[in-house]
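*Asks:* Spelled out, the chains give:
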Amino acid sequence: EVQLVESGGGLVQPGGSLRLSCAASGFTLSSYWMHWVRQAPGKGLVWVSRINSDASSTNYADSVKGRFTISRDNAKNMLYLQMKSLRAEDTAVYFCVRGVLDYWGQGTLVTVSS
Amino acid sequence: DIQMTQSPSSLSASVGDRVTITCRASQGIRNDLGWYQQKPGKAPKRLIYAASSLQSGVPSRFSGSGSGTEFTLTISSLQPEDFATYYCLQHNSYPHSFGQGTKLEMK
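If you read the sequences in order, they're chains A and B. Using the numbering used here, the first residue of the first sequence is number 429, and each one after it goes up by one. Using the numbering used here, the first residue of the second sequence is number 65, and each one after it goes up by one.
Hints listed in this document are in silico derivations from the structure and should not be mistaken for laboratory results. Hints may contain errors.
What the hints assert, rightly or not - Chain B side only, calculated, beta carbon under 7 Å to chain A, not exhaustive:
1. ALA107
2. PRO108
3. ARG110
4. TYR151
5. TYR158
6. PRO159
7. HIS160
8. PHE162
9. GLN164
10. GLY165
We put the beta carbon where it would ideally sit given N, CA and C, even for glycine.
So here's chain A without its partners, still in its complex pose (with noise of 0.2 Å):
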């Protein structure tokens, strides 16, 4: 069964930073593309950035690039999103999405407030 699992979620103030982790199960992390898709309280879904199989190619939202930064450890199953200089408007909850994505996990909520 395929699983994905995010934590890494919680309370930071502006300015701040974060890092989001997804843990895959029941399927072979290394053959797929993934995703962070994310969305705010009581709004619809945005998608934020995807990293190819082998890390090697990344795209981003115009509104994280330069603070946001995807990853892969393919050995260890995990996908992580590191989020720096954090604006209350990032405040959401964070999805890892796979591959074509077809299979996504419950979410990690982020709030950023002072």
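Fit chain B to the given chain A structure using the hints.
*Replies:* Using the frame of chain A, we list chain B on its own:
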């Protein structure tokens, strides 16, 4: 960047009704489109991929159509468990983009 315009933003319907939701892309995306259902507090669930292919395990009352710039999701006969929010997603180019969502409510 490709913009996805989804309509309507909300819809009131009854059990047994036929419902159609539309997404329009600001430029052609071939059939690189998926439809998702999201219930409160839950992760989105993919219903349709490649614009018209039914995800395994999804009831056949759900169907998708379209190619290029105009796409539709149809629910042929609404069931109580179908009241949720629906999103389209284009994955033709980066940044990927979602429609604004359609909240399907019980009349």
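*Asks:* Give a verdict on every hint.
*Replies:* The hints, checked one at a time:
1. ALA107: 4 Å, holds
2. PRO108: At about 6 Å, which falls below the 7 Å cut-off, the nearest Cβ of chain A leaves the hint on PRO108(B) intact, so it holds.
3. ARG110: Interface hint status for ARG110(B): holds (5 Å vs cutoff 7 Å).
4. TYR151: Since the shortest Cβ distance to chain A is 6 Å, the answer is holds.
5. TYR158: 4 Å, holds
6. PRO159: 5 Å, holds
7. HIS160: 4 Å, holds
8. PHE162: At about 5 Å, which falls below the 7 Å cut-off, the nearest Cβ of chain A leaves the hint on PHE162(B) intact, so it holds.
9. GLN164: For GLN164(B), the interface hint holds, since the closest Cβ of chain A sits about 5 Å away, which is under 7 Å.
10. GLY165: 5 Å, holds
The structure agrees with every numbered hint stated previously.
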